[in-house]
Amino acid sequence: MESIKVLVQFDDNKVKPIAFRRNGRLYKIAKVNLVHSFKEGDRRIFNFHVSDNANSYNLRFESDILKWFLEE
Amino acid sequence: MPTILHLDMNSYFATVEQQSNPFLRGKPICVGGKGPGERTVCCAASIEAKKFGVKSGTSTWEARKLCPNIIVVEADYNKYQYISQKVFAILESYTPLVEVFSIDEAFADITYAVIQKGFIDAVPISMEIKARIQDEIGDYLKCSIGIAPNKLLAKLASDMVKPDGLTIIKNDDIDAIRRKTSIEDLCGVGFRLKERLNNIGITTMFELGEFPAKSLIKLFGPHLGNLLHNMGKGIDNSPVSPYYEMPEEKSFGHSYTLPQDITDIDSAKRVLLKLSEKVGRRMRKADFMGRTVHLYLRYFDRSDYGQRVTLSRYINDGYDIYKVACGLLERCGDRSANNNVILNSSEESLNSFETDSSRQARTIYSSSERQRVEKFYKPIRLVGVSVTNILHSHQISLPILPEDTKEEQVKNTLDTINDKFGEFTVFRGALVEIKDRIENIPDGRNKRMPLDNLRLEF
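Heads up: the protein sequence lines correspond to chains H and Z, in order.
Just so we're aligned, residue 1 is where the first sequence starts under my numbering, counting upward by one.
Just so we're aligned, residue 73 is where the second sequence starts under my numbering, counting upward by one.
No wet-lab data here; the hints were simulated from the structure.
Where hints are given, some of them may not hold.
[What the hints assert, rightly or not] Calculated pairs, EDC-like style, for lysine to aspartate or glutamate (alpha carbon to alpha carbon, straight line, at most 16 Å):
#, chain 1, residue 1, chain 2, residue 2
1, Z, K483, Z, E495
2, H, K31, Z, D211
3, Z, K492, H, E40
4, Z, K450, Z, D336
5, H, K31, Z, D207
6, H, K39, Z, D491
7, Z, K357, H, D42
8, H, K39, Z, E495
9, Z, K202, Z, E164
10, Z, K492, H, D42
11, Z, K492, H, E62
12, Z, K492, H, D64
13, Z, K266, Z, E256
14, Z, K483, Z, D389
15, Z, K357, Z, D487
16, H, K39, H, E62
17, H, K14, Z, E208
18, H, K39, Z, D148
19, H, K14, Z, D207
20, H, K5, H, E62
21, H, K16, Z, E208
22, Z, K478, Z, D389
23, H, K31, Z, E208
24, Z, K357, Z, E320
[As the list claims (entries may be wrong)] Partner residues are not named here, just some residues of chain H that face chain Z (Cβ under 10 Å, in silico):
#, residue
25, K31
26, N33
27, H36
28, S37
29, E40
30, G41
31, D42
32, N47
33, N55
34, N58
[Said to hold, decoys possible] Okay, the calculated beta carbon distance ranges per label pair:
#, chain 1, residue 1, chain 2, residue 2, range
35, Z, R204, H, F10, 19 to 25 Å
36, Z, E256, H, K14, 41 to 47 Å
37, Z, E208, H, E62, 22 to 28 Å
38, H, K14, Z, S375, 50 to 56 Å
39, H, L66, Z, R500, 32 to 38 Å
40, Z, S128, H, E40, 25 to 31 Å
Built from N, CA and C at the ideal position, the CB exists for glycine as well.
Put together the whole structure using the sequences plus the hints.
Right under this line is the structure:
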């Protein structure tokens with residue numbers, strides 16, 4: 001799991017990741033396929049399953065520290 | 073006349089994975105356990121994999137044999153539970169009478185919702201539910217819906233067309249449905265019951281309904297006999313029971329299919345410890361204690377074996393549960409024992425692994441010694457442990473001895489740490505080797521989970 005920078009669009013109550021930067025490279029997100037959340041201890045984690053034209057990615061947002069991670 | 077809707081998500085776990093990752097769509101996939109080369113069971117197969125004969129319960133080894141290109145995806149139960157909660161929340165927006173039947177199935181009594189919306193029947197609501205699931209959760213998710221005057225027929229209806237079906241059974245259709253429905257298609261008729269019914273010449277729902285009720289009662293007892301007779305007639309008077317009306321838990325248990333069959337008791341013990349820890353943790357979270365511990369084994373040839381012990385005291389600590397279950401496991405593998413010795417020394421040998429305060433344990437044997445000795449040599453495929461005979465903790469006297477209260481304090485501290493940082497942040501050293509492998513066992517029944525945090529939209 002590595003820390004990444006994510007560009008997010010807030011639209012009404014919806015949160016939509018637009019792109020993320022990893023190792024200096026920008027990945028544009030074509031589609032948010034599924035979002036789910038769960039608790040790890042008392043922390044609420046959000047998982048965004050997104051894809052571009054070549055791959056799918058799992059972006060993890062930890063709400064207590066407001067940080068994004070890319071999961072393998 | 074009630075209108076009952078049964079919703080069944082199609083190939084649920086596999087479709088959720090295909091929803092998460094569009095590159096898996098249209099491909100044969102199955103959801104299984106961790107680790108390449110390990111033998112686990114497919115929890116779900118995609119529609120594409122089903123065409124090759126892969127289904128739920130097929131081992132991944134068999135699945136690879138049936139379909140060499142199959143992609144085995146690791147199960148993520150957090151994801152499945154969250155998505156099913158969202159699906160059930162959609163149902164609850166039509167009626168408060170929603171009964172969660174399993175992680176991917178629910179009944180809803182929509183009698184008043186149909187009247188309230190001014191519809192003639194439940195079709196528009198069903199179409200709306202299907203559309204909302206795809207719109208609000210994921211466009212690849214499909215479900216089959218059955219509508220009927222009762223739960224039995226609604227479930228039967230939803231099973232008729234898959235995937236993405238919508239089937240209505242009206243009163244006038246019931247006779248025709250009964251004639252063409254095999255008894256194994258009825259919810260509640262498993263393999264063994266089917267065989268018993270087949271043995272008395274019953275193969276269809278119609279034949280079951282026409283069979284004299286008195287004879288069924290004589291053969292199967294008053295409860296099951298009457299139930300079977302009603303099932304055969306297409307009668308089911310059971311109400312849709314929402315989660316807030318469900319009776320309290322009667323047991324806590326976990327089971328795990330091993331990556332490889334094992335004959336080595338020590339490996340089985342490690343799994344048993346992990347399962348016991350999970351059971352204990354759930355019991356403490358729910359504030360329950362129990363005094364009957366069951367051990368359940370399934371062997372490589374799918375034969376089963378179970379034993380239980382009732383203790384004189386109530387427990388909810390994982391290690392206490394383990395010690396009792398472990399004793400049963402050791403006894404199961406006792407090569408040298410003969411029938412008389414085992415039965416006569418049951419208390420003595422059990423006491424050797426129990427704590428002092430539980431020296432009055434007694435055993436109840438579920439199978440003969442002959443079977444036990446015979447089964448010792450069989451490799452184990454699945455291990456399960458459960459605790460029954462439970463009471464709320466406040467109904468039980470608390471320990472007063474210093475050594476017991478110390479243990480209680482340590483247990484509470486560990487629970488507090490795991491509550492804050494997540495399950496198995498702190499765990500017993502004996503579990504290091506298998507922690508990752510079975511960390512993902514889902515925590516019990518989804519049906520009791522509150523529908524929280526569903527107001528967020530994405």
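Against the structure, the hints:
no.: 1; hint: K483/Z - E495/Z; result: holds (14 Å)
no.: 2; hint: K31/H - D211/Z; result: holds (12 Å)
no.: 3; hint: K492/Z - E40/H; result: holds (8 Å)
no.: 4; hint: K450/Z - D336/Z; result: holds (11 Å)
no.: 5; hint: K31/H - D207/Z; result: holds (14 Å)
no.: 6; hint: K39/H - D491/Z; result: holds (10 Å)
no.: 7; hint: K357/Z - D42/H; result: holds (14 Å)
no.: 8; hint: K39/H - E495/Z; result: holds (10 Å)
no.: 9; hint: K202/Z - E164/Z; result: holds (14 Å)
no.: 10; hint: K492/Z - D42/H; result: holds (5 Å)
no.: 11; hint: K492/Z - E62/H; result: holds (14 Å)
no.: 12; hint: K492/Z - D64/H; result: holds (12 Å)
no.: 13; hint: K266/Z - E256/Z; result: holds (6 Å)
no.: 14; hint: K483/Z - D389/Z; result: holds (8 Å)
no.: 15; hint: K357/Z - D487/Z; result: holds (9 Å)
no.: 16; hint: K39/H - E62/H; result: holds (10 Å)
no.: 17; hint: K14/H - E208/Z; result: holds (11 Å)
no.: 18; hint: K39/H - D148/Z; result: holds (13 Å)
no.: 19; hint: K14/H - D207/Z; result: holds (14 Å)
no.: 20; hint: K5/H - E62/H; result: holds (13 Å)
no.: 21; hint: K16/H - E208/Z; result: holds (14 Å)
no.: 22; hint: K478/Z - D389/Z; result: holds (13 Å)
no.: 23; hint: K31/H - E208/Z; result: holds (14 Å)
no.: 24; hint: K357/Z - E320/Z; result: holds (14 Å)
no.: 25; hint: K31; result: holds (7 Å)
no.: 26; hint: N33; result: holds (6 Å)
no.: 27; hint: H36; result: holds (4 Å)
no.: 28; hint: S37; result: holds (6 Å)
no.: 29; hint: E40; result: holds (4 Å)
no.: 30; hint: G41; result: holds (4 Å)
no.: 31; hint: D42; result: holds (5 Å)
no.: 32; hint: N47; result: holds (7 Å)
no.: 33; hint: N55; result: holds (7 Å)
no.: 34; hint: N58; result: holds (8 Å)
no.: 35; hint: R204/Z - F10/H: 19 to 25 Å; result: holds (23 Å)
no.: 36; hint: E256/Z - K14/H: 41 to 47 Å; result: holds (45 Å)
no.: 37; hint: E208/Z - E62/H: 22 to 28 Å; result: holds (24 Å)
no.: 38; hint: K14/H - S375/Z: 50 to 56 Å; result: holds (53 Å)
no.: 39; hint: L66/H - R500/Z: 32 to 38 Å; result: holds (34 Å)
no.: 40; hint: S128/Z - E40/H: 25 to 31 Å; result: holds (28 Å)
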